[in-house]
Amino acid sequence: MNRFDPFADLTLLQDRINRLFDDSLVQRERQPSPNEAWVPVVDITEDENEIILWVDLPGVSQKEVDITINGDQLTLKGEKKLDQSNQRKYLRRERVIGPFSRTFQLNLPVETEKISASYRDGVLEIHLPKPMELKPRKVSIQTE
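Here our numbering runs 112 ahead of the position in the sequence shown, where the first position is 1.
If you are wondering where the hints come from, they were derived from the structure by calculation, not from laboratory data.
Positions of the beta carbon are idealized from the N, C-alpha and C atoms, including for glycine.
Careful, some of the hints might be misleading.
Stated by the list, open to error - Quick list of simulated restraints, FRET-style, between CB atoms:
| hint | residue 1 | residue 2 | range |
| --- | --- | --- | --- |
| 1 | D178 | E225 | 48 to 56 Å |
| 2 | V251 | Q185 | 39 to 47 Å |
| 3 | Q196 | E158 | 34 to 42 Å |
Stated by the list, open to error - Here are the simulated DSS-like pairs of lysine-lysine, each with C-alpha atoms no more than 25 Å apart in a straight line:
| hint | residue 1 | residue 2 |
| --- | --- | --- |
| 4 | K175 | K226 |
| 5 | K175 | K192 |
| 6 | K201 | K226 |
| 7 | K175 | K193 |
| 8 | K189 | K201 |
| 9 | K189 | K242 |
| 10 | K189 | K250 |
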């Protein structure tokens with residue numbers, strides 16, 4: 113349901129190697145590279161009535177998240193910003209900040225006007241209701 117990223121495994125490997133070399137007690141602040149991005153973790157479930165997505169967005173303001181549906185694609189975009197309110201010097205900064213984007217291919221129609229989303233404790237929950245004609249129904253057998 114999401115797009116294939118051929119470089120995702122390489123990025124993960126590079127991060128793990130960097131952590132091996134960066135594991136000292138005191139670090140100078142690591143500046144994220146300009147093309148470093150983060151991808152929120154998503155769980156997707158389905159039942160006879162709807163598809164539900166749970167998206168982990170720790171530290172992301174609800175105002176910074178945009179959900180769009182275009183045809184059979186659901187796109188999540190947003191940005192995790194660094195808290196500029198304090199003037200502390202970081203000894204270590206591992207949490208990634210910056211923009212994110214995820215697109216999911218929906219393999220079945222949903223009732224776009226009834227899509228709902230809620231945000232609580234850093235988890236975005238999106239409900240995609242299925243149309244009535246796709247829901248299973250019981251067929252009764254008539255006796256003759």
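Consistency of the hints with the structure:
{"no.": "1", "hint": "D178 <-> E225: 48 to 56 Å", "result": "violated (18 Å)"}
{"no.": "2", "hint": "V251 <-> Q185: 39 to 47 Å", "result": "violated (33 Å)"}
{"no.": "3", "hint": "Q196 <-> E158: 34 to 42 Å", "result": "holds (40 Å)"}
{"no.": "4", "hint": "K175 <-> K226", "result": "holds (21 Å)"}
{"no.": "5", "hint": "K175 <-> K192", "result": "holds (11 Å)"}
{"no.": "6", "hint": "K201 <-> K226", "result": "violated (46 Å)"}
{"no.": "7", "hint": "K175 <-> K193", "result": "holds (12 Å)"}
{"no.": "8", "hint": "K189 <-> K201", "result": "violated (29 Å)"}
{"no.": "9", "hint": "K189 <-> K242", "result": "holds (23 Å)"}
{"no.": "10", "hint": "K189 <-> K250", "result": "violated (40 Å)"}
The earlier numbered hints that this structure contradicts are 1, 2, 6, 8 and 10.
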